[in-house]
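Trainee: Listed below, chain by chain, are the residues.
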Amino acid sequence: MPEEILVIGGGPAGMNASVMLSEIGVNVTLVEKDSFLGGNPEKFKYKFLFPDLQPAENVIGELIKKTGNNSKVKVLLNSQISGFKQTGNKFDVAIKSPQGDENKIFNSVIVATGFEHFDPARDAKYSYQLFDDVIDIKDLEKMLGEGKFLRPSNGKPPRNVAFILCVGSRDRHVGNQYCSRVCCVVSVKQAIELKEHFPESDIFIFYMDIRTYGFFEDLYWEAMEKHDIQIVKGRVAEITSGPDNTVVCKGEDTLLRGPFEIPFDMVVLASGMEGGPQSLEMADKLGLEMDEHRFLKPRNITLSPFRSNIDGIFLAGACTGPKAISDAITEGAAAAMSAHIYAQKNP
Amino acid sequence: MEYDEKGVSIVPLDFKKEIFKEARKDFRYDEYVLGCLNCGVCTGGCPPHRFFDFSPRIVLQNLKTKDPELIWTMMDEYIWACFQCFTCAMICPFLNNPGGAIAILREIAVRRGFESARKVLKPYSRVLLKLTAYGNQLSPDMIQPDFFPDWGPDISYASADLKVKRKAIPMPTLQITNLSWDVSPEAMKELYEIFDESGVFKIIEAVDPSLYEIIMDIVEDVRSS
Ligand code: SF4
Ligand code: SF4
Ligand code: SF4
Chain A
1 MPEEILVIGG
11 GPAGMNASVM
21 LSEIGVNVTL
31 VEKDSFLGGN
41 PEKFKYKFLF
51 PDLQPAENVI
61 GELIKKTGNN
71 SKVKVLLNSQ
81 ISGFKQTGNK
91 FDVAIKSPQG
101 DENKIFNSVI
111 VATGFEHFDP
121 ARDAKYSYQL
131 FDDVIDIKDL
141 EKMLGEGKFL
151 RPSNGKPPRN
161 VAFILCVGSR
171 DRHVGNQYCS
181 RVCCVVSVKQ
191 AIELKEHFPE
201 SDIFIFYMDI
211 RTYGFFEDLY
221 WEAMEKHDIQ
231 IVKGRVAEIT
241 SGPDNTVVCK
251 GEDTLLRGPF
261 EIPFDMVVLA
271 SGMEGGPQSL
281 EMADKLGLEM
291 DEHRFLKPRN
301 ITLSPFRSNI
311 DGIFLAGACT
321 GPKAISDAIT
331 EGAAAAMSAH
341 IYAQKNP
Chain B
348 MEYDEKGVSI
358 VPLDFKKEIF
368 KEARKDFRYD
378 EYVLGCLNCG
388 VCTGGCPPHR
398 FFDFSPRIVL
408 QNLKTKDPEL
418 IWTMMDEYIW
428 ACFQCFTCAM
438 ICPFLNNPGG
448 AIAILREIAV
458 RRGFESARKV
468 LKPYSRVLLK
478 LTAYGNQLSP
488 DMIQPDFFPD
498 WGPDISYASA
508 DLKVKRKAIP
518 MPTLQITNLS
528 WDVSPEAMKE
538 LYEIFDESGV
548 FKIIEAVDPS
558 LYEIIMDIVE
568 DVRSS
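Protein sequences appear in the order of chains A and B.
Sequential numbering from 1 applies to the first sequence in this note's numbering.
Sequential numbering from 348 applies to the second sequence in this note's numbering.
Hints were generated in silico from the structure; no laboratory data involved.
Take the hints with a grain of salt, since some may be wrong.
Calculated pairs, BS3-like style, for lysine-lysine (alpha carbon to alpha carbon, straight line, at most 30 Å) [said to hold, decoys possible]:
| hint | chain 1 | residue 1 | chain 2 | residue 2 |
| --- | --- | --- | --- | --- |
| 1 | A | K45 | A | K72 |
| 2 | B | K477 | B | K536 |
| 3 | B | K372 | A | K233 |
| 4 | B | K411 | A | K233 |
| 5 | A | K233 | A | K142 |
| 6 | A | K125 | B | K536 |
| 7 | A | K233 | A | K250 |
| 8 | A | K33 | A | K45 |
| 9 | B | K364 | B | K411 |
| 10 | A | K96 | A | K66 |
| 11 | B | K411 | B | K372 |
| 12 | B | K411 | A | K250 |
Here are some chain A residues the structure puts well away from chain B; computed CB gaps all over 12 Å [what the hints assert, rightly or not]:
| hint | residue |
| --- | --- |
| 13 | E4 |
| 14 | F36 |
| 15 | K66 |
| 16 | Q86 |
| 17 | L130 |
| 18 | P157 |
| 19 | N176 |
| 20 | Q177 |
| 21 | A237 |
| 22 | E238 |
| 23 | L255 |
| 24 | P259 |
| 25 | E289 |
It should be emphasised that the depicted structure is a prediction, and the values quoted were computed from it without experimental measurement.
Beta carbons are placed, not taken as given, at the ideal position from N, Cα and C, and that holds for glycine.
Next comes chain A alone, as it looks inside the complex (with noise of 0.2 Å):
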């Protein structure tokens, strides 16, 4: 009997775990929720990728086209895991989707359930949603996405925009102590495209530490020589309601110039990453360990970063903490590599 395996989620690390064991010959079911393939960066129609500046296209596209048309690769969307029990040492998987309910049994499972953006209404001081001009990061990579530079609020070109960084991320008070490790260098990223677009506006992003990890760092060191982009020390404590319809960001520099109150045309909060409803949901459904953080927990975070607590299911990209896209892929050849080695091992 052909080797059967189930990959969970068609997000960069599931997308990519299908198309590396359809090219080793094994048969791979692909369950993604929502009705698209690509995740969150096709959800959000991710522009440019960092630290590259290349088309998503070129990275998203790929995969989705990959997977897509693939014979070994069966593909449901829109689509459930409603029941799972492990029968040996193989797993038997009801399946709810829009082609009708199944129950198939596999080798071994991949879960790659992705992440979710932080939701900044849920932090009041960044008055998100209550002003046109507040949005997050991943407002603007769609609002770019779509060609689209000027105010929410009157359509007119930002004379200065400021980022704010941590959103949700390094904060107690919303629960969430870890670092989201991709946000820094996407504000980095996306202020530089901001100022190739309106070079005279002013751009300023605010941090606690700039966390440009590796190779991300050289855009950072661009966005300051290159485009002058105004780096300032001070967590933002409150966004009010300014003169001449702008957003006042209030806060302490804590390097130079003390207390700051500064109108601004629009604020980009850079909201971080959560594990999100449906990480919750596998873990239920297949027993799986979730970490203090609320991501899935994998058996050894420096050992064995893709394999979870049960043999046999393996976890690949984001369901396990922040990361980047790059690393995502990544994890999914790994997982990829793990769940064929045990189908293998267990016939």
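Given the coordinates of chain A, assemble chain B with the ligands onto it according to the supplied hints.
Mentor: This is chain B with the ligands only, laid out in the frame that chain A set:
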């Protein structure tokens, strides 16, 4: 605080260490002072920060240095700019309570009768007197132009003809003006017991000895009545 003619603090380092030890021993200290991201959110939300060179972030950071010298210096003037509104505690992403830490330091200054505490409490001696001697905080006759310039130009009107104005109040004020309401000697005696037991009288003796004497005269009168 005490300085020599060159402006160098003459308070011995050991004493400063003792003061910091006293603060750290406070049962609230470890709850109020956790880590610190040095993010400035507390300061951004702090009302006095807009008017003075004052930052709860710096208070927290100074405490984290564990340098008794730095902490001593803050107790002189710096920490007295705080309004004790606790906005900082509500918004700190680390769940620190800089305002609470300041309260711990201030309580030490008051308990030990430091010059800084005396200076700050001086304008409140009338309030302290009324409060400890009679259990009232403000009485009508205290509302005089000299003491409440911030009440605006109509303060003279408010303080004139008090007796007549008090009659117009429907509540049973007994038409007195030196107290907000009449306090029975029994209630006063009980009050003194509380201030004795809780150490309030001792604190007043430390920060304002002459006020203490005035209060004690009244206390003795009431107790012997
Ligand atoms: S990546 Fe940057 S913005 Fe995001 S949580 Fe970490 S430090 Fe904050
Ligand atoms: S409690 Fe003090 S330090 Fe904290 S916000 Fe209020 S005034 Fe500022
Ligand atoms: S808000 Fe909290 S973490 Fe930030 S500087 Fe103030 S005390 Fe430190």
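Trainee: Which of the listed hints are not met by the structure?
Mentor: Numbers 3, 6, 19, 20, 21, 22, 23, 24, in rising order.
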